[in-house]
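What follows is each chain in one-letter form.
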Amino acid sequence: MATSTPDRTGLALQSGADILIESLVRHGVDVIFAYPGGASMPLHQSLTAYKDRIRTVLPRHEQGGGFAAQGYARTTGKPGVCMATSGPGATNLVTCIADAKLDSIPLIAITGQVKTAVIGSDAFQETPIVEVCRGITKHHYLITDVNDVARIVREAFHIATTGRPGPVLLDVPKDVQLAQIVPDYEAPMNLPGYHVETHRAPAEQISQVAAAIKRSKRPVIYAGGGVVMGDASEQLRKLVAKTKIPVTMTLMGLGAYPGADPLSLDMLGMHGSVYANYAVDEADLLLAFGVRFDDRVTGKVSEFAKHGKIVHIDVDPSELNKNKEAHIPIVSDIKYALTELNKIVEAPDDLSPWHAQIADWKKAYPLKFGKNEAAISSQYAIHQLWELTKDQDTIITVGVGQHQMWAAQHYRLKDPRTWCSSSGLGTMGFGLPAAMGAKIAHPESLVIDIDGDGSFQMNIQELATCHCEKIPVKVLLLNNQHLGMVVQWEDRFHAGNRAHTYLGPIDNPEAIGRGCADSPADRYPDFVTIAKGFGAGASYVREKSDLNDALKEMINYPGPYVLDVEVPYQEHVLPMIPAGMTVKELIKD
Amino acid sequence: MRHVLSAVVQNVPGVLAHISGMLASRGYNIDSLAVGETENPGLSRMTFVVVGDAAVLEQVRKQLEKVVTVVKVVDISAKDFVERDLMLIKVRAPLGRRSEIKELAEIFRGRIVDVAGEEVIVEISGQERKIESFIDLMRPFGIQELVRTGRIAMVRGKPPSEVDEDAKK
Numbered sequence: 001m002a003t004s005t006p007d008r009t010g011l012a013l014q015s016g017a018d019i020l021i022e023s024l025v026r027h028g029v030d031v032i033f034a035y036p037g038g039a040s041m042p043l044h045q046s047l048t049a050y051k052d053r054i055r056t057v058l059p060r061h062e063q064g065g066g067f068a069a070q071g072y073a074r075t076t077g078k079p080g081v082c083m084a085t086s087g088p089g090a091t092n093l094v095t096c097i098a099d100a101k102l103d104s105i106p107l108i109a110i111t112g113q114v115k116t117a118v119i120g121s122d123a124f125q126e127t128p129i130v131e132v133c134r135g136i137t138k139h140h141y142l143i144t145d146v147n148d149v150a151r152i153v154r155e156a157f158h159i160a161t162t163g164r165p166g167p168v169l170l171d172v173p174k175d176v177q178l179a180q181i182v183p184d185y186e187a188p189m190n191l192p193g194y195h196v197e198t199h200r201a202p203a204e205q206i207s208q209v210a211a212a213i214k215r216s217k218r219p220v221i222y223a224g225g226g227v228v229m230g231d232a233s234e235q236l237r238k239l240v241a242k243t244k245i246p247v248t249m250t251l252m253g254l255g256a257y258p259g260a261d262p263l264s265l266d267m268l269g270m271h272g273s274v275y276a277n278y279a280v281d282e283a284d285l286l287l288a289f290g291v292r293f294d295d296r297v298t299g300k301v302s303e304f305a306k307h308g309k310i311v312h313i314d315v316d317p318s319e320l321n322k323n324k325e326a327h328i329p330i331v332s333d334i335k336y337a338l339t340e341l342n343k344i345v346e347a348p349d350d351l352s353p354w355h356a357q358i359a360d361w362k363k364a365y366p367l368k369f370g371k372n373e374a375a376i377s378s379q380y381a382i383h384q385l386w387e388l389t390k391d392q393d394t395i396i397t398v399g400v401g402q403h404q405m406w407a408a409q410h411y412r413l414k415d416p417r418t419w420c421s422s423s424g425l426g427t428m429g430f431g432l433p434a435a436m437g438a439k440i441a442h443p444e445s446l447v448i449d450i451d452g453d454g455s456f457q458m459n460i461q462e463l464a465t466c467h468c469e470k471i472p473v474k475v476l477l478l479n480n481q482h483l484g485m486v487v488q489w490e491d492r493f494h495a496g497n498r499a500h501t502y503l504g505p506i507d508n509p510e511a512i513g514r515g516c517a518d519s520p521a522d523r524y525p526d527f528v529t530i531a532k533g534f535g536a537g538a539s540y541v542r543e544k545s546d547l548n549d550a551l552k553e554m555i556n557y558p559g560p561y562v563l564d565v566e567v568p569y570q571e572h573v574l575p576m577i578p579a580g581m582t583v584k585e586l587i588k589d
Numbered sequence: 001m002r003h004v005l006s007a008v009v010q011n012v013p014g015v016l017a018h019i020s021g022m023l024a025s026r027g028y029n030i031d032s033l034a035v036g037e038t039e040n041p042g043l044s045r046m047t048f049v050v051v052g053d054a055a056v057l058e059q060v061r062k063q064l065e066k067v068v069t070v071v072k073v074v075d076i077s078a079k080d081f082v083e084r085d086l087m088l089i090k091v092r093a094p095l096g097r098r099s100e101i102k103e104l105a106e107i108f109r110g111r112i113v114d115v116a117g118e119e120v121i122v123e124i125s126g127q128e129r130k131i132e133s134f135i136d137l138m139r140p141f142g143i144q145e146l147v148r149t150g151r152i153a154m155v156r157g158k159p160p161s162e163v164d165e166d167a168k169k
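Those protein sequences? They're chains Y and S, same order as listed.
Mapping the first sequence onto the working numbering, position 259 (from 1) lands on 259, and the numbers just tick up by one.
Mapping the second sequence onto the working numbering, position 33 (from 1) lands on 33, and the numbers just tick up by one.
In case anyone wonders, no lab produced these hints; they're calculated from the structure.
Computed from a predicted model, the values in this text were never measured in an experiment.
Be a bit skeptical, because a hint or two may be false.
[Stated by the list, open to error] Partial list, computed: chain S residues near chain Y (C-beta under 10 Å):
no., residue
1, V8
2, V9
3, P41
4, G42
5, L43
6, E58
7, K72
8, I76
9, I107
10, R109
[What the hints assert, rightly or not] What follows is a list of derived Cβ distance ranges for each label pair:
no., chain 1, residue 1, chain 2, residue 2, range
11, S, L16, Y, F124, 54 to 62 Å
12, Y, L11, S, G36, 49 to 57 Å
13, Y, G135, S, E103, 49 to 57 Å
14, Y, V182, S, I112, 52 to 60 Å
15, Y, S121, S, L16, 17 to 25 Å
16, Y, G28, S, G157, 24 to 32 Å
Even glycine gets a Cβ: it sits at the ideal position worked out from N, Cα and C.
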């Protein structure tokens, strides 16, 4: 404790900043993504004193830091920690916090605040960030007394990581950072309203589920992010091994069950597989584990899975019967519930007709690679990447849009916590910073951001962080020069009228949908030059025959690398169930 | 349907803003909301009147319970309870009509708490129906100002010990 001095009683005085950083260390934090500013300088000064125990990564934008912390959290299950100064630093974290709330990611966001004496006076770089973030945090604190720092950090970690995880905001005024006291790191938590220990499924409900499984003829497991976050993938796999019930996963649930396994139905919902959506529609028993019946999964919720019984297990009581009424709603930690279920469950008597039906659907409606056989389609590029990397430890992160959906469809994840997708909030620009956080947490793994050119540009500055902090992540840039998902909706629902979805110069005919956008000279921006300017390796590939070598070069490159792949923008993500519709309206071609 | 929910919350800054913001952002219709300290200075009690069907009520209750500073939520309209509103009403009272107002206030077990010039202030408490009737009776005199607390309510008989024991955990 470089800055501690003994007080008159001989006990060591510590500043609020030191207490906060030491509290982080005591909670096992080994990396923080932090961008300094006036109101957080004392915290950064403390970080230098603790540099042997906690790595400080300087992102190039606070949002990059927030998503890097998420990448760390999503791939480890441990809370990610990010920090920013007051005012604009804090508001730049807002999107990351909202994102963590919707995807239930344990995130500790620390913001500097102006000193308490001037709070409320519209001081320089003052925003009421706690007020801003009330609805998008699991909990939040404005720390006004240095004596509360250690206790509040304990509470923050407890709240962020237990029950349904989520973001906790700590807003720390500068005078609290500077005030000196003798800290009490053992101060008890004061959380009379926070009870997570009670969320364990009662035995009789587990028996009901086992009985429902035994009787079922067409069961389907619908597994979500709760299975991944709840570390219940192993229990899920055991349940499937025992019962042979097919599994479909949500965008957040990918990796909970191996995508390449015959009993995997891949993703369900708006851009889920035909066979997953058909199976859920015809199921006589839907086992919904750690899910929230999101509108991107259900479409028209009254028509969703209406032919069968629904078992819904979730750790958050407010998710039960929120969007869809369940026949057996169970509030429980999912790992506990599945462990108990596995002790008594028996396989249904005969699933072979159901398996045969699903095999027919899989054969008739496989996931496709796109119409343009000559070009490198995004789907094909992702499939090739999967083929090249499936046997090594690989973590995939994505931005938001078409490439995200294609990655979800075609990169057959085999393990939980190897997939980082901004799923609930759908934040473009998530992929690259998330990959940084994942790579820091897993230096031995290959970490690849599968990104689109729109998303990539939203946090492209983080290439500087990757270079300067020596974080060798790879970017597979599926560059179609457009905001592909919006283009797809324009094509489907607005007669193809281009409304600000072309990412090149506005005088290019492509901006109004009149060009062909396939000349390399037209392409904008020059990502290879940009990447090289940041110090990353980079190359561009257009010919299908060059793709595999280019992918291998990217994979084997020692530092950060951007592979700019030219892909056609005319492809649509299929299948598609348009928003608010049902499986009957599913578009296959 | 109308329900009375009673929530024990930690007495910390921002808890009211947090709860009212949550209810507003989720689109729940709250008829009235009253807040005050309890016998334990670390805890406050909020009483809500919620309009909605059973499913709405269930979500409101669960969402309230999810707020970290909310210690306990009880739907007391399912129990035998006493509920009260308190109202102060300022009425035009020319000299000749004051006794009339006083009589009506007495019938309703209210009382005149201020007389100034041509106005009197009547304090009255009770169930909503009673308060509404009194307001109707005062209209012909000319209502100058009116202020009401939100609903407060308490379950009859059993003391609220279970709540406080939970809070101490």
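Worksheet entry | Violations among the numbered hints | 3, 8, 9, 10, 11, 12, 16
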